[in-house]
Amino acid sequence: MSVRDALDRQLTALARAEGSTRPVALVRIGLALLLWSRFADELQPFTALGPAWLALGAAFYGATTWMLLGYRARLATAATAVVVWIMVFAVGRSGAMFSWTHHHTTLLAYAVALLALTPCGGSLSLDRWLAVRAAERAGTAPPPERGPLWAVPLLGVLLSTVYFWGAIDKCTVGFLSGARLELIWMDVYAGSDFVPTGPVHLAFAAASIAVTALEFVLAFGLWVGRWQRWLVPVGLATHAAFYLLLPQVYTFSCTMALLYLAFLDPGAVSRTLDRLL
Amino acid sequence: MDDTRAVALRVAALVGLSGALQIGPVAHQLLGLPLPPLTMSWSMYSGVGRDLCAVRWRADGRPVSRADVLGATAEAGGERLLHSPEAVRLAARPLCEALQADVRAEAWCAGPDGRWVVALGPEERLCP
Numbered sequence: 001m002s003v004r005d006a007l008d009r010q011l012t013a014l015a016r017a018e019g020s021t022r023p024v025a026l027v028r029i030g031l032a033l034l035l036w037s038r039f040a041d042e043l044q045p046f047t048a049l050g051p052a053w054l055a056l057g058a059a060f061y062g063a064t065t066w067m068l069l070g071y072r073a074r075l076a077t078a079a080t081a082v083v084v085w086i087m088v089f090a091v092g093r094s095g096a097m098f099s100w101t102h103h104h105t106t107l108l109a110y111a112v113a114l115l116a117l118t119p120c121g122g123s124l125s126l127d128r129w130l131a132v133r134a135a136e137r138a139g140t141a142p143p144p145e146r147g148p149l150w151a152v153p154l155l156g157v158l159l160s161t162v163y164f165w166g167a168i169d170k171c172t173v174g175f176l177s178g179a180r181l182e183l184i185w186m187d188v189y190a191g192s193d194f195v196p197t198g199p200v201h202l203a204f205a206a207a208s209i210a211v212t213a214l215e216f217v218l219a220f221g222l223w224v225g226r227w228q229r230w231l232v233p234v235g236l237a238t239h240a241a242f243y244l245l246l247p248q249v250y251t252f253s254c255t256m257a258l259l260y261l262a263f264l265d266p267g268a269v270s271r272t273l274d275r276l277l
Numbered sequence: 001m002d003d004t005r006a007v008a009l010r011v012a013a014l015v016g017l018s019g020a021l022q023i024g025p026v027a028h029q030l031l032g033l034p035l036p037p038l039t040m041s042w043s044m045y046s047g048v049g050r051d052l053c054a055v056r057w058r059a060d061g062r063p064v065s066r067a068d069v070l071g072a073t074a075e076a077g078g079e080r081l082l083h084s085p086e087a088v089r090l091a092a093r094p095l096c097e098a099l100q101a102d103v104r105a106e107a108w109c110a111g112p113d114g115r116w117v118v119a120l121g122p123e124e125r126l127c128p
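From first to last, the protein sequence lines are chains A and B. In this text, residue positions in the first sequence follow our numbering: the first is 1, and each later residue adds one. In this text, residue positions in the second sequence follow our numbering: the first is 1, and each later residue adds one.
One chain only, chain A, in its complex shape:
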């Protein structure tokens, strides 16, 4: 079998993939809450300086609440994506809200847009509740919580893209020598009277190389099922450390952690939920 045949077969299998809708439902709920966490206070009615801002706030609250509840969830998620893209790429990049153009906000915008391609309302949603109620009234079994999962890998591609290009950005002498990490440490913690020398400098250099290597490994390794057992905890711990140690991480760590669900076996996630609930 040629490489092309193998690729064709793999892509076709991805396009036909079906499975539990619970992981993407969890992503839907998580993203809606993260959007509130990041933007809600800036869009409350009393912050509005004019009708346009008031309308944007209304659209944001309306769409995200609709998405969280999960009524016609894909449409709700698509509507939320439109609103968030307007906020990030139109309002933010126009200069009106520079803080909306950061990595963590753009990551949210991309994630919501890609999620709209998944059956994210198939579980843990008003859609599901209505489907179960309809089945009960008809005296039939509730429909299975399954759907086409072809778009779920795109959430993984988004995660890998962030890791890969983040690692590429670190492949400079300045970063790998440890100097960039030392500068960040000084800026955040130690101030200018900190002169890293000897073993301290070596530790920063080692940490810089380790972080870069880890990002490369996560970019590709999370796709390998048998590596996930090790890489998922390491990746999550790394994001927890970033959130704890660095300022202005905002929702970035939580969004990345949430997107790990895209790599996990949907059936395994569903069975775990069954055991927990």
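Careful: at least some of the hints might be erroneous.
[Claimed, not checked] So these bits of chain A aren't anywhere near chain B, every CB distance computed over 10 angstroms: (1) Arg16; (2) Thr47; (3) Tyr71; (4) Thr140; (5) Arg146; (6) Pro153; (7) Val157; (8) Leu158; (9) Ala207; (10) Trp223; (11) Thr238; (12) Ser270.
[To be verified] Heads up, incomplete: computed chain B residues facing chain A, CB under 10 angstroms, no partners named: (13) Leu17; (14) Gln22; (15) Thr39; (16) Ser46; (17) Pro112; (18) Asp113; (19) Glu124.
[To be verified] Not everything, but these chain A residues come out facing chain B in the computed CB check (under 7 angstroms): (20) Leu26; (21) Asp41; (22) Trp150; (23) Tyr189.
FYI, nobody ran anything at the bench for these hints, they're computed from the structure. For glycine and all other residues, C-beta sits at the position ideal for the given N, C-alpha and C.
Given the coordinates of chain A, assemble chain B onto it according to the supplied hints.
Using the frame of chain A, we list chain B on its own:
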């Protein structure tokens, strides 16, 4: 829509959207072009501490700490972060007044490629 067409559309979406996510990084990080609309590059924390200096202080040849001499509050509130050799020279003044000594500093500032560059040598007297 028949199954073959649906599969083809999904494969096209998978490949197309995966590629679209790479446009920003390739353009901005690899080729140095401005970020195309609706795209993002992933250079996190690239601006933090970009222009900082690391300073080792000496008074009459002995190492001193600004925090010890001036108090943590003064050091933190005023010039905790020094961004240029000139800022280092200015930060020496309170030390000169407090210690009445020959204050000097070795300073390394971040170069354009992120590496340390010697910015101030110990031969320069910083007190008037």
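The hints, checked one at a time:
1. A beta-carbon of chain B comes within 10 angstroms of the beta-carbon of Arg16 (chain A); the shortest separation is about 6 angstroms.
2. Annotated as non-interface, Thr47 (chain A) keeps its C-beta farther than 10 angstroms from every C-beta of chain B; the closest such distance is 26 angstroms.
3. Every Cβ of chain B is farther than 10 angstroms from the Cβ of Tyr71 (chain A); the closest lies at roughly 25 angstroms, confirming the non-interface assignment.
4. With a cut of 10 angstroms on Cβ distances, Thr140 (chain A) stays outside the contact zone with chain B, its closest approach being about 26 angstroms.
5. Even its closest Cβ contact with chain B, about 17 angstroms, leaves Arg146 (chain A) beyond 10 angstroms, as expected for a residue assigned away from the interface.
6. Not every beta carbon of chain B lies more than 10 angstroms from that of Pro153 (chain A), the smallest distance being close to 7 angstroms; the non-interface claim is violated.
7. Distance check for Val157 (chain A) against chain B: the nearest CB is about 5 angstroms away, which does not clear 10 angstroms, and the non-interface claim fails.
8. Not every Cβ of chain B is farther than 10 angstroms from the Cβ of Leu158 (chain A); the closest lies at roughly 6 angstroms, contradicting the non-interface assignment.
9. The Cβ of Ala207 (chain A) sits about 14 angstroms from the closest Cβ of chain B, beyond the 10 angstroms cut-off, so the non-interface label holds.
10. In this structure Trp223 (chain A) is separated from chain B by more than 10 angstroms, as the shortest Cβ-Cβ distance comes to about 12 angstroms.
11. The beta carbon of Thr238 (chain A) sits about 13 angstroms from the closest Cβ of chain B, which is more than 10 angstroms, so the claim that it is off the interface holds.
12. In this structure Ser270 (chain A) is separated from chain B by more than 10 angstroms, as the shortest Cβ-Cβ distance comes to about 22 angstroms.
13. With a cut of 10 angstroms, the hint placing Leu17 (chain B) at the interface with chain A holds, because the nearest CB-to-CB distance is about 5 angstroms.
14. Restraint check, Gln22 (chain B) versus chain A: the minimum CB separation of about 7 angstroms is within 10 angstroms; hint holds.
15. Hint status for Thr39 (chain B): holds, given a least beta-carbon distance of 9 angstroms to chain A, under 10 angstroms.
16. For the restraint placing Ser46 (chain B) at the interface with chain A, the shortest Cβ-Cβ distance is roughly 7 angstroms, inside the 10 angstroms limit, so the hint holds.
17. At its closest, the beta carbon of Pro112 (chain B) sits 9 angstroms from a beta carbon of chain A; the interface hint therefore holds under the 10 angstroms criterion.
18. Taken as an interface hint, Asp113 (chain B) checks out: its beta carbon lies about 5 angstroms from the nearest beta carbon of chain A, inside 10 angstroms.
19. Checking Glu124 (chain B) against chain A by beta carbon gives a least distance of about 17 angstroms; that is not within 10 angstroms, so the hint is violated.
20. A cut of 7 angstroms between beta carbons decides the hint on Leu26 (chain A): the least distance to chain B is about 21 angstroms, and the hint is violated.
21. With a cut of 7 angstroms, the hint placing Asp41 (chain A) at the interface with chain B is violated, because the nearest CB-to-CB distance is about 23 angstroms.
22. Against a cut-off of 7 angstroms between C-beta atoms, the interface hint on Trp150 (chain A) holds, since the closest Cβ of chain B lies about 5 angstroms away.
23. With a least beta-carbon distance of about 10 angstroms to chain B, the hint placing Tyr189 (chain A) at the interface is violated under the 7 angstroms criterion.
Hint compliance for this structure: hints 1, 6, 7, 8, 19, 20, 21, 23 are not met, and every other hint is.
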